[in-house]
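Engineer: If you're matching them up, the sequences are chains A and B in order.
1 is the number of the first residue of the first sequence in the numbering used here; add one for each residue after it.
1001 is the number of the first residue of the second sequence in the numbering used here; add one for each residue after it.
It should be emphasised that the hints constitute simulated quantities derived from the structure, not laboratory data.
Computed from a predicted model, the values in this text were never measured in an experiment.
Some hints here could point you the wrong way.
Pairwise CB distance ranges (calculated) [stated by the list, open to error]:
hint : chain 1 : residue 1 : chain 2 : residue 2 : range
1    : B       : Glu1016   : A       : Arg41     : 32 to 40 Å
2    : A       : Ser57     : B       : Pro1071   : 37 to 45 Å
3    : A       : His39     : B       : Glu1033   : 28 to 36 Å
4    : B       : Asp1057   : A       : Arg35     : 37 to 45 Å
5    : A       : Lys115    : B       : Ile1059   : 27 to 35 Å
6    : B       : Met1030   : A       : Gly82     : 31 to 39 Å
7    : B       : Thr1044   : A       : Pro85     : 23 to 31 Å
8    : B       : Glu1016   : A       : Ser8      : 23 to 31 Å
9    : A       : Arg69     : B       : Arg1042   : 27 to 35 Å
10   : B       : Met1030   : A       : Ser108    : 39 to 47 Å
11   : A       : Arg76     : B       : Ser1073   : 19 to 27 Å
Think of the CB as a built atom: it goes at the ideal place given N, C-alpha and C, for glycine as much as any other residue.
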Amino acid sequence: MRIEVEVSDRLLCAAGAIGSDGVSGAVVEFAGVVRAEEHGRAIEALYYEAYEEMARSQTEKILRELERRFPCQAVRVLHRTGRVPVGEVAILVRIEAKHRAEAFGMLSAFMDRLKQDVPIWKSLA
Amino acid sequence: MFFAQLREAAGAVVAEIDADAVDAGQLWTMLEERWPRLAAQRDTVRLARNGAYALEDEIFRNSDEVALIPPVSGG
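Please take these sequences and the hints and turn them into a complete structure.
Structural biologist: Now the structure itself:
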């Protein structure tokens, strides 16, 4: 499984070109977007802080573990840091797999693990 | 290394302490002595050693980079 992980302040754009290597029949792309409300309070932006080196290595470790349950061809995880205004993408995950079940399974399980184990923190900006 | 709310509790981003060949319990004792406000967060904070979560029986050395990881909230 090819893995690409980036944790940086780069602006993220969802819906990249959908194509695959000819092996994958399912390409799933998920964008986590900052909402205008946080804990019932109107906000303008969130601020994401990361322990970047560990966030990258921990993400790769989690993906390698999940690969045994959800064999996929490729996973790309991009997490933005710094100030992210409402409506902009905070995390982008793109998964390529032979079939949709593995792709959706990987996405759901990875997002759960990210929110438990990847050292990234959000706060009100 | 301190992150998120722990920066405020410690009043620092990075600090050095003299702790060689200590286990997690001993390290926490030293941390709490120097930064008493960390004590209230101990139950929810995980220790990382050189970029990976520390195991229960991990031994910490002076050359290690140790991070205190409060509950995460990425995504």
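Engineer: For every hint, state whether the structure bears it out.
Structural biologist: Comparing the hints with the structure gives:
1. Glutamate 1016/B and arginine 41/A have their C-beta atoms about 38 Å apart, which keeps the hinted 32 to 40 Å range intact.
2. Between serine 57/A and proline 1071/B the Cβ separation comes to about 19 Å, which falls outside the hinted range of 37 to 45 Å.
3. One distance hint, 28 to 36 Å for the beta-carbon pair histidine 39/A and glutamate 1033/B, holds here, with the actual separation near 34 Å.
4. Between aspartate 1057/B and arginine 35/A, the C-beta spacing of about 42 Å keeps the proposed range 37 to 45 Å intact.
5. The given range of 27 to 35 Å is respected by lysine 115/A and isoleucine 1059/B, whose C-beta atoms sit roughly 30 Å from each other.
6. Between methionine 1030/B and glycine 82/A, the C-beta spacing of about 33 Å keeps the proposed range 31 to 39 Å intact.
7. Distance hint check for threonine 1044/B and proline 85/A: the Cβ-Cβ separation is about 29 Å, which falls inside the suggested range of 23 to 31 Å.
8. The beta-carbon spacing between glutamate 1016/B and serine 8/A, approximately 27 Å, falls within the hinted interval of 23 to 31 Å.
9. Separation of arginine 69/A from arginine 1042/B is about 33 Å and conforms to the stated range, judged on CB atoms against 27 to 35 Å.
10. The beta-carbon spacing between methionine 1030/B and serine 108/A, approximately 40 Å, falls within the hinted interval of 39 to 47 Å.
11. With their beta carbons about 22 Å apart, arginine 76/A and serine 1073/B fall inside the hinted range of 19 to 27 Å.
In this structure, the one hint that does not hold is number 2.
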